[in-house]
Structures are given as C-alpha cells and as structure tokens.
Amino acid sequence: MRAAAFALAVCAALGGVARAQPAPSEPVEAGGEAGVTASGEATLEVRLGHPDPFGPVIVIEAIEVVGNTYTAERLIRRALPVKEGERLRAGDPRLRAARFKVLALGYFREVDLRLRKGSTRGNVILSVRVVERGTVVLNRMFFGNTLITPWWAGLDVTERNFFGSGIGVGGAFVVAGQGDADNADAQKAFQLRLEDPSLFGGPIGAHAAFHYADASEPYRIAGDSSDGSADNFAAFDYKRVGGRAGATINTGAFDRLTALVRFDAVRANLPAAPTRTLPDGRVVDVDLLLEDGESRVATAGLLFERDTRPDPILPYAGDHLLLLAEVGAGPLGSSYDFTSILARYERWWRIAPRHVVSGHLVAGAVLGDAPLFDRLHVGDIDRMVSPRALGLVVSTTPPFDFFGTGSDEITYGELGGLAEAQYAFRLFRSRKAVYGGDLFVGAGLWTLHATRDLGYDAPDFPVDLLLDAGLRLDTEIGIFELSLANALGRVPL
Amino acid sequence: MRRAAAALAAAAALAAVAGPSGVAAADDGSRVRRMGFAERGRNLVVTTAFPELFDRAAIDKVSSGFPSNVVVRLYVFRKDRTERPISLVLVEHEIVFDLWDEVYVLRTHGPLGKRELRYRSRQQAVRAMTELDHMPIAPLDRIAIGPHHFLAAVIELNPISPELLAEMRRWLSRPAGESLDSSSSFFGSFVSVFVNPKLDRADRTMRIRSQPFYRTPR
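The listed protein sequences correspond, in order, to chains A and B. FYI, the numbering for the first sequence is 1070 to 1562, going by this note's numbering. FYI, the numbering for the second sequence is 733 to 950, going by this note's numbering.
If you are wondering where the hints come from, they were derived from the structure by calculation, not from laboratory data. Ideal Cβ placement from N, Cα and C applies to all residues, glycine included. One thing to keep in mind: the hints can contain errors.
To be verified - Computed Cβ-Cβ distance ranges for the label pairs, DEER-style:
#	chain 1	residue 1	chain 2	residue 2	range
1	B	A789	A	F1232	29 to 35 Å
2	B	A790	A	L1508	30 to 36 Å
3	B	R816	A	R1178	36 to 42 Å
Please construct the entire structure, taking both the sequences and the accompanying hints into account.
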C-alpha cells in the first residue's frame, strides 16, 4: 500500500511538478536564491499546503509588542493575522506567516515572535519584538550639464513611515540654471507626495500629490536636427501647478490596480508667432502644444501593474507589466481633450546558472490634443537622451540617429515604442553589505512618431538604435544602476 | 533483504572508488556527501542527515511556540542525463512546541504518508527533522540497472510562499503614486537609496548531492 502510494506520489510529482523544478545544472548558486521558478514553488505550495492545522489548541490571551520606539503599535497589531481572544492550533499556518506579515510593513529590520504561557492552561501570550530600521528612501538624484542647460540638480526623497504612522511622505525638487537659448530662464519644479498604503488597515491604499513647475521650454528655431546647440533654440515660459490623487487596491499577490485623477492649472506665456527656419531656408510655424494664457488639464485614469519577479532588483525570472490609460476631457474641466495609453512589459529568463536574458517592450500612444508635458518625449523612450526631470526639459541634445532615419527630427511625439533585449551576467551574490551585482548589456530599437503636422516632411516612424551597458548593484543602502546610457544623458554631447 | 544489503554495499564500494569521501563541492556549488542507498521492497531508499541546517538561533526558535518547517526536495538523476530528474520526492516536516505539555509535536508529510510524533527532547525533535532514514526516493523500475545515478537535495528551513515573498518585497517597488509623476518616471529605470535589509525566501537553504551510485542485478 505504501509502495503504491509512493509510486503515485513520484509519478504525480514528475507529471505535475518536475518540469517546473530545476535541472541539476540550473539552480545551484551558493549564497544565491534557490533556482526554482515562482510557478514551480506555487505548485509545491499547493502540494504541501496542509489545510489542517496541527498541534495543541491555544487561545491568544494577549499580544504584547516591544521594540517599536517610533512605529505605532496599532500598525503592528493590524498586520498580525491573529487577534487577541482567538482560538487556534499552535501549528496554524497563520502563525508561521505572522512574522513575515509584520516584516512586509517594511518598517523593521528584524521581527521575532514568541509564545509563552498565559494565565490559564491553553492560554498563551504572543510577544512581538521588532527592531526598527531607517525608512527614508532616496528615490532619485537629478544632476547634469548639457549643451543648453549649464547645470541642473535635485533630489527625490520619501519617508515611508512618517512619525511612525505608516504614512509615506515624499518630496522632490529640481532646479536648473538659466539656459543659453534665446529667452531662456532658470527652471524649477517641486513635488510633495502623501501615501497611505493601507487605508484603515484595509486592502485599499491611497495617495495624493501636489506639484509645481516653473518651466522654460526650449523649441527649435533653426539649424540642422542633429545640432543641439543653444543657438538653434528659443524658449518660452510656462507655469504649472496642480495635484493628483488615487486609490490602489491589490487585486492579487502580484498585481494591483490604481484609479487616479489629476488636475493642473497652466499659465503659458507663448511667443506671438513662433517659427523655425529649416536648413533649406523655408520658415515654418511651430506648434508649442500649449494654449496661450490660462488653461487647465483634468484627467482620470487607471493603472494596472503586475509584477511576478522573485527579485525586483536583480531580476532573473518572472515578468513585469505596467498599463496606464488616462483621459483628459472637457466634461472633467480640461482645456485639452486627449487620451494617452502607456504600456511596458518586461520578462526575464535564466538561460544558465549565471546568465539571464530579458526582453523589454515599451509603447505609448497619445491621441488628441494633449499638452506638451503629456506627450511622449524622446528622452522617455531613448535612454541615451536626457530624460525630463520632474517634467522639465533640460537638454536639447538629439538622439544619435545611428541609421540616418531622421529620429533626431522629433522631440515630442504621439506614438512611440521601444523593443530591447538585455543580457545580464550575475557577477556575485553575497550576504554582506553588497548583496549582489549584475553586469548587463542591452540593445534595442525605438521609434517616435509625430501624428500632428510639423510643417515639413518629418519622417514616419524613424527607427533608431539604443545601446546600453553597465552594472546593477543591490546593497544594504539601496539599489544602483551605473549605465552608459545614464551617463550619456548627463553630459554635454 | 540480503540483496538489498548487497546493493547498498556495492553502491558504497562504488562511491569509495568513483566519488569523494565526506563533503566536497560539486561543480554546481552544492555539497557532495556520502549517503546510504538501499533497495527496499519496490523502492530505492536513502539514509542521510543534514544537521547543519539548524544553527543555534534556529534551534532556539523551535522552542518559541511558533511552528517551524523543513521542506526537502529529493531529485534522482541519471548521471549521464541530467537535463531532467527521473524522480522527485517531497518531504515536509512541521514542528511546534506545546507550551503547556512541554512536548515537541512533529508532523511529517512524504512518500510514506502523514505521521505525527511527539518528543520530550528538543535535540531529538531537531534530529528527526534533519535525518532521512530509509526514505523512499524512487520506484526501482525507474532506476536502470548499471548506469550511475546520483541524488540531489534542496533543503529549506521555514521557506515562504512566492506570494508572501512578493508581499514583503512590495515595499521595494515604488508606491503607486510615485510611478505616475510624469512619463519619464513611467518609462524610466529604477534606482533608489534606502536601508535595504536582505530578504530571503527561506531562513536557510542547503543543497547537497550524493556520491554516484548504481544498481546491480538481483
């Protein structure tokens, strides 16, 4: 009987699980993560997940929390999957998960749970000892120097456990020196963010943000499209002040859905009749993509995110999907009627124990009359071009246009995308201060197309090459990416 | 029984010639250790131990009143065909300390079914979790007579599900609001600085493999 049951178990295992389990040449890296796919583990959980808890019946007489000098105790109690007065078995899976539920708050370096005898037989006291950790996150650093902007600098910082309340408070600023283009001015932008990842301890989170930008937007008035020097540009000023708010619900262990609204008041000071002199001597009008004077942007949107990567920092398996749809329309109070759809999908495969390949697809479409800051900027798609910093354009350096297709002609487009393949070599994994490092190299093709009339024969869907290489580090003080493309976007080329 | 003993002896003799003694590192980083193999009934069984899975802190945790578990995955490979195991066996030990009766309750799921045992001594309970005693690993009809095979084991102490791990790592990704401040963030890469404690999918993971063995005709 036992033999029959065993044979059945082996056959079932080979039929149902073995394909998802590692071959001997695949998994084993000392000190690294187990080489088993998420799907394989999920199958294992189903097979071994015992619905019948075991052990003696206990009653949680009291819960005591120690070590939380900063974090509110209610946050810890809320995270525990058991409550005072609850009767359960000592081997209940919820007790095993309890430590990780508290760790998942992200506020603690260590969590230790213990039970001790209560006042009467069967009663126990649950003791939770936590060691707090720093929760300040430096999200981004903005700095650089380009042909048109002498310098720009800024920071983006978040405190994820503001005064121990569990609410995240973040802020960012960018300041850019006065550019050399005609009429250019200094630029600055600020942002203040609030986020409660779990409203009243429930499954819904909320966030809100306030932002302000005092921009000096450059536009081309002359010169060849490959020449990004300041002489070929003029600038106009606009101010933008507004906010956004959203609610997020975790729709599964790996995915979440966010509903959001946004409002911006824009005041633009546009030149009377902006024109560009083409290299052949013709003069054409330039659409600056904003309404002169006061205008408003009001939108509603949805963001869906799915992330199955077992390691989001140095990924080796799984996928990551982001879908954002946003609509701006008159009935919402918007001066601009438009729809934008942005999508990003990335997938990673481990092809050998220390070798990972990945595919990255990015696409965006902006339909209708969108303000310039809601259109696709070339720096959004081509990482070798300076990206916008909190919405401010700090560079006029065009793309390299490796294939001569005219990719340097278009700064703002309405349709665009990137398809990229990357290879990563897993340099090392460690339990010390630097947890791991991957060398990577990538190549991709991108395009950016303007559907509006530019006044001249702009190329349709010009294709250009993206090349990148660098080092990704996962460390005790954060995560870093040192890459060729990132460096190119910060220097005056 | 005598045949089984003979097979075990043959395998051990083979290991003495072809395999390293004691513990060594395999090409893939797993540790090679001597294991005992035997034929029992229609199955191949293994006897081995991995006491180093539990360090002092892990042993102490067993007495915390909270459950601990050990998941063992045992793969049998033909040495010349390592692309796919010919057998996979899962064994799970769960243990919890009964505070009031002061006994360790150990439940085991595996190829021999489910069983529950009680131990007065923590040392005995931990030993029971870190030993495989004549554990069936493959039906004999899957193990060809003659070719060399080996056993690979992945052993995890208190592993957590991918869902729970994803929940713990969620704070690593930017909050929903932060990914929306402009298109550049949406498309951009992910770099940030923060106190970043290491999160593992198990308290401890061990990978071991056996010396080569082979079956002889009965």
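Hint by hint, here is what the structure shows:
1. A789(B) - F1232(A): 29 to 35 Å: Cβ of A789(B) to Cβ of F1232(A): about 32 Å, so the range 29 to 35 Å holds.
2. A790(B) - L1508(A): 30 to 36 Å: Given range 30 to 36 Å: holds, Cβ gap about 35 Å.
3. R816(B) - R1178(A): 36 to 42 Å: holds (41 Å)
Every hint from the earlier list agrees with this structure, and none is contradicted.
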